[in-house]
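Protein sequence lines correspond, in order, to chains A and B.
Anchor point for the first sequence: position 98 equals 98 in my numbering, and the numbering is continuous, going up by one each time.
Anchor point for the second sequence: position 23 equals 23 in my numbering, and the numbering is continuous, going up by one each time.
Check the hints yourself; a few may be wrong.
Rough simulated footprint, nothing fancy, chain A against chain B, three-plus residues with beta-carbon under 8 Å [unchecked claim]:
| # | segment |
| --- | --- |
| 1 | 68-76 |
| 2 | 91-97 |
| 3 | 129-138 |
| 4 | 158-170 |
| 5 | 175-181 |
| 6 | 256-265 |
Anything over 10 Å on all C-beta distances counts as not near chain B; from chain A, calculated [unchecked claim]:
| # | residue |
| --- | --- |
| 7 | A12 |
| 8 | Q68 |
| 9 | L135 |
| 10 | G175 |
| 11 | A189 |
| 12 | R227 |
| 13 | H235 |
| 14 | G262 |
| 15 | A280 |
| 16 | Y281 |
| 17 | V284 |
| 18 | I304 |
Derived by calculation from the structure, the hints in this document are not laboratory data.
Note that CB positions come from ideal geometry on N, CA and C, so glycine has one too.
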Amino acid sequence: MRILSLAGRRLAASIPTLFLILIGVFLLLQLAPGDTVDALMAQMGGGDAATAQQLRKFYGLDLSVPAQLGSYLWHLVRLDLGFSSIYGKPVATVILERLPPTILLMTASLSFAFFFGLVFGVIAARGVNRWPDTLISTLGLVFYATPSFWFGLMAIVVFSVYLQWLPPGGFEDIGTVQRGIWHVLDIAAHLVLPTLTLGLIFLAIYLRIMRASMLEVLNLDFVRTARAKGLDETHVITRHVLRNALLPMVTLIGLQAGTMLGGSVVVESVFSLPGLGRLAYESVVQRDLNTLLGIVFVSALLVIVVNFVVDLLYARLDPRIAAEG
Amino acid sequence: MDTVKRYFRSPAAVIGLILLLLVIAMAVSAGFLYPRDPLALAGRPLVWPFSNPRFLLGTDNSGRDIAAQIFYGARISLLIGGVATVIAILIGILVGAFAGYYGGWVDNVLMRITEAFQTLPNFVLLLVLVAVFGSTLTTVTIAVGVVSWPAPARLTRAEFLSLRNREFVQAGKTLGMKDVQLILGEILPNALPPVIVYASVVMAVAILLESALAFLRLSDPNVASWGNLIGLGRDVLRVQWYVSAIPGIAILVTVLAVSLVGQGLNDALNPRLKSQ
Chain A
1 MRILSLAGRR
11 LAASIPTLFL
21 ILIGVFLLLQ
31 LAPGDTVDAL
41 MAQMGGGDAA
51 TAQQLRKFYG
61 LDLSVPAQLG
71 SYLWHLVRLD
81 LGFSSIYGKP
91 VATVILERLP
101 PTILLMTASL
111 SFAFFFGLVF
121 GVIAARGVNR
131 WPDTLISTLG
141 LVFYATPSFW
151 FGLMAIVVFS
161 VYLQWLPPGG
171 FEDIGTVQRG
181 IWHVLDIAAH
191 LVLPTLTLGL
201 IFLAIYLRIM
211 RASMLEVLNL
221 DFVRTARAKG
231 LDETHVITRH
241 VLRNALLPMV
251 TLIGLQAGTM
261 LGGSVVVESV
271 FSLPGLGRLA
281 YESVVQRDLN
291 TLLGIVFVSA
301 LLVIVVNFVV
311 DLLYARLDPR
321 IAAEG
Chain B
1 MDTVKRYFRS
11 PAAVIGLILL
21 LLVIAMAVSA
31 GFLYPRDPLA
41 LAGRPLVWPF
51 SNPRFLLGTD
61 NSGRDIAAQI
71 FYGARISLLI
81 GGVATVIAIL
91 IGILVGAFAG
101 YYGGWVDNVL
111 MRITEAFQTL
121 PNFVLLLVLV
131 AVFGSTLTTV
141 TIAVGVVSWP
151 APARLTRAEF
161 LSLRNREFVQ
171 AGKTLGMKDV
181 QLILGEILPN
191 ALPPVIVYAS
201 VVMAVAILLE
211 SALAFLRLSD
221 PNVASWGNLI
231 GLGRDVLRVQ
241 WYVSAIPGIA
251 ILVTVLAVSL
261 VGQGLNDALN
271 PRLKSQ
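All chains, full assembly: derive it from the sequences and hints.
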């Protein structure tokens, strides 16, 4: 219960941050050249000033900036993100449609990066300064420096064009209708390359942190005690070292949540996945500022939720945190 | 002198320095080696690398010399990376120094703003900034700098928090020094080394951010940049994959070089950490 109230307090503290972001970005977007009506008129193939005036009135764009901001925030409290004139639907609907692929992609990449980062980090720390360590650390450095979109393109060339093992893009095969397990497998096949592409840089970061964290914990007194009691090495690592070494890794999930969401903008564009990131890109190109603002809100919310979960995990891994709070 | 010696003892740091000097040499020599506009038509489109001695790395979809674009791209990447890093570090130091030195409500307000910037994904904010201010070289550079300052700010703040109650600062206070003098003249020089080392991380990320933006065709299309070329090569990816492959390697090498140099500097400046 203490854990919950502690994490809950931090969650409550992030609400002002959320409003700060929204107000800031809202005011920023006022400076943008052209508004929704301009974009809409351009799409309709132009129109006279009177129509523009009417449309502005309809969308409430003729009001003063503070009045618009107030009305936006008031609608937001009721979970109304406004209307996307480009898609002809409420922004909330557009975003909800695009959310599942992104969440799936982020979860898959995070699991991939976390698991392999952990395994490689442990292997590197066990053989510190010998060849497995050198190899893993070098690979980590190279992965860190690889631009994700470039890796994605090269993966398409190798695995989709030459080997033809995996589809080059999209979320599912739209040519045929599949049901049940086949549908799931189809989506999974489409997500393999995007997951690797997005997860690569995080794999590099996680393995580096895991290695450093393992090396630090391995030197602590309780590890010597565990060895002295005659536990075998596997036992020492899995039961004693790992749990303590995991703390910085878990912290990193929270810190990297935003970066990962940003990375999915690029990865979803490479693999033409219909996700939130691609929507962000499209709304910039199409000047759909209402949708862009909605995405800002949802991505900030997503980061806050991830951090809330991380807080809970953290307290579970290290009971001292809840006790001190 | 010891620091320099320690730096050169690490092979990774030396490799990083050589790679970085190589990229700088490319940026400097671009003008002599390829005096023509790198974005001008040079020959037949889609000539494979090493097949024509005139175009060592081949030509892209519209017949522009890839090698020339790689050399000029080094200028753009280093320029954007460097300037954006300076902007991010300056804002970061300013915010972090004030927050750490004054504490209290100043710290509260500044850290709230920092938190807001950290909660909003970097790249999403970058998209918003580009949507609002357009995609010229100047705006993109400033935008990349503006989204990168929170981490240096936190680092500076932490340094200031640990330094502000040290004896030399209190001595300065007793001598009647002004706050600005204390911050800039006394505490900052001591807080600077970790921040400078961190600049390499900021620069590596800045180069990656700009190239991703250019790949999405949201950066300045009128300069020869590596990201632009990768985005262009995407249209002919299935057969002429080299158009995208070559600039990607250039980005990889540059970011790797910057990270290795940063890591080397860090180890050289904190020799005790290295022994772990």
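These are the hints, each one checked on the structure:
Figure legend: the segment 68-76 of chain B, annotated as covered by chain A; annotation inconsistent (0 residues with Cβ-Cβ distances under 8 Å, at least 3 required). Proximity of the segment 91-97 of chain B to chain A, defined as three or more residues with a beta carbon under 8 Å from a beta carbon of that chain, is not established by the 0 residues found. Coverage of a stretch by a chain is defined here by at least three residues with a beta carbon nearer than 8 Å to that chain's beta carbons; for the segment 129-138 of chain B and chain A the count is 6, and the condition holds. Here's how the segment 158-170 of chain B fares: 0 of its residues keep a CB closer than 8 Å to some CB of chain A, so the rule of at least three is not met and the hint is violated.
Taking a C-beta to C-beta cut-off of 8 Å, the segment 175-181 of chain B contributes 0 residues in contact with chain A, too few for the three needed, and the coverage statement is violated. Counting residues of the segment 256-265 of chain B whose beta-carbon sits less than 8 Å from any beta-carbon of chain A gives 3, enough to reach three: the coverage restraint holds. Annotated as non-interface, A12(A) keeps its C-beta farther than 10 Å from every C-beta of chain B; the closest such distance is 14 Å. Here Q68(A) stays apart from chain B, with its beta-carbon at least about 16 Å from theirs, past the 10 Å limit.
Listed as outside the interface, L135(A) is consistent with that label: its C-beta sits roughly 13 Å from the nearest C-beta of chain B, beyond the 10 Å cut-off. With a closest Cβ-Cβ approach of about 19 Å to chain B, G175(A) is found to remain outside the 10 Å limit, as its non-interface label requires. Distance check on A189(A): its Cβ is at least 19 Å (rounded) from any Cβ of chain B, clearing the 10 Å threshold; non-interface status holds. Look at R227(A): its CB is around 19 Å from the nearest CB on chain B, clear of 10 Å, so calling it non-interface holds up.
Non-interface call for H235(A) relative to chain B: holds, since the shortest CB-CB distance, roughly 24 Å, exceeds 10 Å. Interface exclusion of G262(A) from chain B breaks down, the closest Cβ pair being 3 Å apart, not more than 10 Å. Its beta-carbon lying about 6 Å from the closest one in chain B, A280(A) breaks the requirement of being farther than 10 Å from that chain. At the 10 Å boundary, the C-beta of Y281(A) falls inside the reach of chain B, the nearest C-beta of that chain being 6 Å off.
In this structure V284(A) is not separated from chain B by more than 10 Å, as the shortest Cβ-Cβ distance comes to only about 4 Å. Distance to chain B contradicts I304(A) as a non-interface residue, since its nearest Cβ pair spans about 6 Å, not more than 10 Å.
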